[in-house]
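Participant: Here's the letter readout for the chains.
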Amino acid sequence: MELRIDRVSKQYKNKIAVDRLSATLHTGVTGLLGANGAGKTTLMRMICGVLTPTSGEITYNGVPVSEECYRSVLGYLPQEFGCYPEFSGRDFLLYFAALKGMPRNEAEIRSEELLETVGLVDVSKKRVRTYSGGMKQRLGIAQALLNRPQVLILDEPTAGLDPMERVRFRELIGEIGKSSIVLLSTHIVSDVEHIADHILMMKGGQLLWQGEWKESDGSLEEFYLREFRE
Amino acid sequence: MAIYIELLRFELKKIFINKITILALTVSAGMLLGIALTNYLVVNPYDRGVYEREAALEGRALDDALLAELAEEAEKVGGLSGIRPDSPYYHLAGYISRMQGTYLTIGEGLESEAGNRELTAASVYQMREDLLEYIYDYFRLSDADKQWWKDKENLIEKPFVWQANFGIYSMKSSFGAAMNLFCMIAAVCLAGVYAGEKGYRTNSFVLSTREGKRSLWLVKFIAGEIFALAAGTLLLIAGMVPHLLFNGLHGINSPWQLIVPLCAYSYTAGQMLARYILTYYLGCLVIGAMAMLFSVLFMNSMAAAGMICLGLVLDLFLSLPSSLGLLSQLRYLTPAQVLINSSMADPRLLRVFGLVLAPLQSAGLVYAVLTVAAAATVRSLYRRQEAQ
Numbered sequence: 016m017e018l019r020i021d022r023v024s025k026q027y028k029n030k031i032a033v034d035r036l037s038a039t040l041h042t043g044v045t046g047l048l049g050a051n052g053a054g055k056t057t058l059m060r061m062i063c064g065v066l067t068p069t070s071g072e073i074t075y076n077g078v079p080v081s082e083e084c085y086r087s088v089l090g091y092l093p094q095e096f097g098c099y100p101e102f103s104g105r106d107f108l109l110y111f112a113a114l115k116g117m118p119r120n121e122a123e124i125r126s127e128e129l130l131e132t133v134g135l136v137d138v139s140k141k142r143v144r145t146y147s148g149g150m151k152q153r154l155g156i157a158q159a160l161l162n163r164p165q166v167l168i169l170d171e172p173t174a175g176l177d178p179m180e181r182v183r184f185r186e187l188i189g190e191i192g193k194s195s196i197v198l199l200s201t202h203i204v205s206d207v208e209h210i211a212d213h214i215l216m217m218k219g220g221q222l223l224w225q226g227e228w229k230e231s232d233g234s235l236e237e238f239y240l241r242e243f244r245e
Numbered sequence: 168m169a170i171y172i173e174l175l176r177f178e179l180k181k182i183f184i185n186k187i188t189i190l191a192l193t194v195s196a197g198m199l200l201g202i203a204l205t206n207y208l209v210v211n212p213y214d215r216g217v218y219e220r221e222a223a224l225e226g227r228a229l230d231d232a233l234l235a236e237l238a239e240e241a242e243k244v245g246g247l248s249g250i251r252p253d254s255p256y257y258h259l260a261g262y263i264s265r266m267q268g269t270y271l272t273i274g275e276g277l278e279s280e281a282g283n284r285e286l287t288a289a290s291v292y293q294m295r296e297d298l299l300e301y302i303y304d305y306f307r308l309s310d311a312d313k314q315w316w317k318d319k320e321n322l323i324e325k326p327f328v329w330q331a332n333f334g335i336y337s338m339k340s341s342f343g344a345a346m347n348l349f350c351m352i353a354a355v356c357l358a359g360v361y362a363g364e365k366g367y368r369t370n371s372f373v374l375s376t377r378e379g380k381r382s383l384w385l386v387k388f389i390a391g392e393i394f395a396l397a398a399g400t401l402l403l404i405a406g407m408v409p410h411l412l413f414n415g416l417h418g419i420n421s422p423w424q425l426i427v428p429l430c431a432y433s434y435t436a437g438q439m440l441a442r443y444i445l446t447y448y449l450g451c452l453v454i455g456a457m458a459m460l461f462s463v464l465f466m467n468s469m470a471a472a473g474m475i476c477l478g479l480v481l482d483l484f485l486s487l488p489s490s491l492g493l494l495s496q497l498r499y500l501t502p503a504q505v506l507i508n509s510s511m512a513d514p515r516l517l518r519v520f521g522l523v524l525a526p527l528q529s530a531g532l533v534y535a536v537l538t539v540a541a542a543a544t545v546r547s548l549y550r551r552q553e554a555q
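These protein sequence lines are chains A and B, in that order. Residues in the first sequence are numbered consecutively from 16, following the numbering used here. Residues in the second sequence are numbered consecutively from 168, following the numbering used here.
Take every hint as true, because none was put in to throw you off.
Just the calculated beta-carbon pair ranges, DEER-fashion:
hint : chain 1 : residue 1 : chain 2 : residue 2 : range
1    : A       : Thr-145   : B       : Ala-543   : 33 to 43 Å
2    : B       : Ile-172   : A       : Leu-240   : 47 to 57 Å
3    : A       : Gly-77    : B       : Arg-381   : 20 to 30 Å
4    : A       : Glu-236   : B       : Arg-381   : 34 to 44 Å
5    : B       : Ala-535   : A       : Asp-34    : 42 to 52 Å
6    : B       : Asn-420   : A       : Glu-83    : 51 to 61 Å
7    : B       : Arg-498   : A       : Ala-50    : 49 to 59 Å
8    : A       : Glu-127   : B       : Arg-381   : 19 to 29 Å
9    : B       : Arg-307   : A       : Thr-67    : 49 to 59 Å
10   : A       : Gly-149   : B       : Ile-389   : 34 to 44 Å
11   : A       : Lys-141   : B       : Gly-473   : 33 to 43 Å
12   : B       : Ala-543   : A       : Glu-186   : 43 to 53 Å
Below, computed lysine-lysine pairings styled on DSS-like, alpha-carbon distance capped at 30 Å:
hint : chain 1 : residue 1 : chain 2 : residue 2
13   : A       : Lys-140   : B       : Lys-380
14   : B       : Lys-180   : A       : Lys-151
15   : B       : Lys-180   : A       : Lys-140
16   : B       : Lys-186   : A       : Lys-141
17   : A       : Lys-141   : A       : Lys-151
18   : B       : Lys-380   : B       : Lys-186
19   : A       : Lys-30    : A       : Lys-218
20   : A       : Lys-151   : A       : Lys-140
Listing some non-contacts, in silico: residues in chain A with all C-beta distances to chain B over 10 Å:
hint : residue
21   : Ala-38
22   : Glu-72
23   : Pro-79
24   : Thr-132
25   : Ser-139
26   : Ser-147
27   : Arg-163
28   : Asp-177
29   : Thr-201
30   : Gly-219
31   : Gly-226
32   : Ser-234
33   : Leu-240
In case anyone wonders, no lab produced these hints; they're calculated from the structure. All C-beta atoms in this analysis are idealised placements derived from N, C-alpha and C, irrespective of residue type, glycine included.
Modelling step: build the complete structure from the supplied sequences, incorporating the hints.
Facilitator: Next comes the structure, spelled out in C-alpha cells:
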C-alpha cells in the first residue's frame with residue numbers, strides 16, 4: 016500500500032495553501048503536525064479527492080485519488096463537520112454506508128459494531144441534534160471507519176473528546192494502522208507521539224520536516240516547538 | 168439498485184422530515200382549503216337547491232329558445248345583472264354576461280349585432296366568433312395558425328349544450344392558486360437539496376464517498392421531483408376538495424367553451440381538466456427542477472429560494488406585449504400563466520418538427536425539455552463541486 020504525494024500545490028487567488036509538497040505514506044500511522052493555517056486541512060482534502068490540486072499529483076497504489084475506486088477504500092473525518100439534525104445516529108451511519116456502496120445488511124451489522132466501539136449504542140436512535148460535541152465527533156469517527164478503509168484520513172479527530180475517549184481513540188487508531196494507511200492531523204502532539212510511526216510537520220504550506228519518530232528520540236513536542244521557532 | 172433506493176429513502180427523509188417543510192405544506196394546504204371552504208360557507212354560502220332549480224336547463228341547447236327565456240327573465244329584473252341567485256337562469260346569465268363584458272372591454276370597433284346585446288343565438292355565437300377573430304389578430308397569428316384554430320372550431324358541437332358547471336369553473340381556478348403556492352413551497356423546501364450539504368457542513372464527508380461524487384446528484388434530483396409531485400398533489404387536493412364536496416363532478420361533460428368561452432379546444436370540461444392536471448404536474452416538476460438547479464448553482468439555500476421568489480414575482484407582474492413574438496409567447500408559457508387564463512386562452516401555437524402544438528401542449532413540451540436540461544446542468548455543476 017502506498018499513498019504518493021508528488022509535488023502537490025494548491026493556490027488560491029492571493030495565497031499558496033500548499034506549496035510543492037511531496038511525501039509517501041505506507042501502512043501505519045502518520046502524524047501531520049502544524050499550526051493553524053499551515054495547510055494541513057487543504058492537503059488532507061486533496062488527498063481525499065474533494066479538492067483538486069493546482070499542480071502535482073496524488074496517487075494510491077498508482078491510481079489517482081480522483082478515481083472512483085479510490086473513494087471505495089477511503090475513510091475521511093473532516094476537521095469541522097455537521098450532521099443532519101433530524102437523522103438519528105444510526106440513520107447517519109446507514110446513510111453514509113449507502114454512500115460508500117455498502118449493502119444494507121452489511122451496513123447494519125457494521126453500524127452496530129461501530130456504535131458499540133465509539134460508545135453511542137444507547138443514543139443511536141436519538142436525533143443527532145440532541146448529541147453533544149463529543150458525541151458528534153465519535154459519530155464522525157464511526158462514519159470514517161464504516162467501510163474498513165485502507166486509507167484513513169483524520170483531521171483533528173480528537174477535538175471535543177474527553178481524555179478517556181482520546182486514549183480509547185488512540186488505541187483504536189493504533190490497531191487500524193497495522194493494516195491501513197492512517198494520516199492523522201492534530202495540534203495535540205501527545206495524540207501522535209505514541210501511535211505515529213512517521214511524522215510530517217507543515218509550516219506555511221510547506222513540509223518542514225518528515226521522518227520516523229521513536230521514543231528514544233526524546234520529546235516530540237519539544238522537537239516540534241524547536242523546529243517551529245527556527 | 169438497492170443502494171440507490173436506500174439513498175433515495177434518506178434524501179426523501181432530509182426533505183420531508185424537516186420542520187420548515189411540514190410547516191410550509193400545512194400552511195399552504197390549509198390556506199387553499201380554508202379559502203375555498205370560507206367561500207362556500209360564509210362569503211357565497213352554498214345553495215343546496217341550485218342543481219334542482221337549474222335541472223330544467225340541463226342538457227338544453229344554448230339556442231334561440233333558451234336565450235329567449237333568458238331574455239324574458241332579464242327583462243323582468245332590468246337586465247342580466249339583475250337576475251338573482253335563486254333564479255334557474257342565474258348561472259346562464261353569468262356566462263353570457265362574462266362574454267358580453269369581455270366584448271365591451273376589448274371589442275371596440277367590432278361590428279356585429281352582438282354589440283347591441285341582443286340575446287339571440289345568432290348574436291351570441293357571432294359575438295364569440297368576433298372575439299376569437301380579435302384575439303387571433305391581437306396575438307398576431309399567421310393565416311395558417313388562424314386556419315388551424317378555425318378547423319378546431321369546426322369540430323365543436325354547436326349550439327352548445329348547457330350544463331351547470333360553476334363547480335368545474337371553480338376547480339379550474341384553483342390550479343393557478345395551487346401553482347403559485349407550489350412555487351413558494353419549492354423555494355422553501357427544495358432550495359436546500361444541494362445547498363443544504365454546505366449548510367450542514369457535510370459536503371466534505373459526502374464528496375469523499377463513492378456515490379457522493381457519482382450518483383448522489385441524481386438521487387437528490389429524483390428525491391426533489393418526488394417531493395414536487397407529492398407537494399403538488401397535496402395542494403391540488405386541498406384546492407379541489409371543497410369544490411368536489413359541494414358540487415361533485417357536475418358539469419364534467421359540458422363543452423369547455425362553457426368554462427372558457429373564448430377557446431377553440433373541442434374537448435369536454437373533464438377532458439380539459441385532465442390536461443390541466445397533466446400540465447400542473449409537469450409545471451411542478453419544472454419548478455422543482457429550477458429550484459434544485461439554483462440550489463447547486465449558488466450552493467446557498469437563501470439565494471436559491473430568492474431566485475424562485477423573484478421568478479414568482481416577475482411571473483405575477485411582468486407584462487410582455489405580443490409584438491415581441493416568441494419572447495412574449497414563452498413568457499406566458501409559465502405554469503401559473505398557462506393554468507390561470509380565465510375567460511380567454513392564449514391562442515399562440517408552436518410549430519416543432521412539423522407538429523403544431525397548442526399552448527397546453529407547448530407548455531408540456533417546454534417543461535419536459537427544461538426539466539431534462541436542468542437535470543443535465545445540475546449533474547455538470549455538482550460534479551465540479553469541491554469542498555472549500
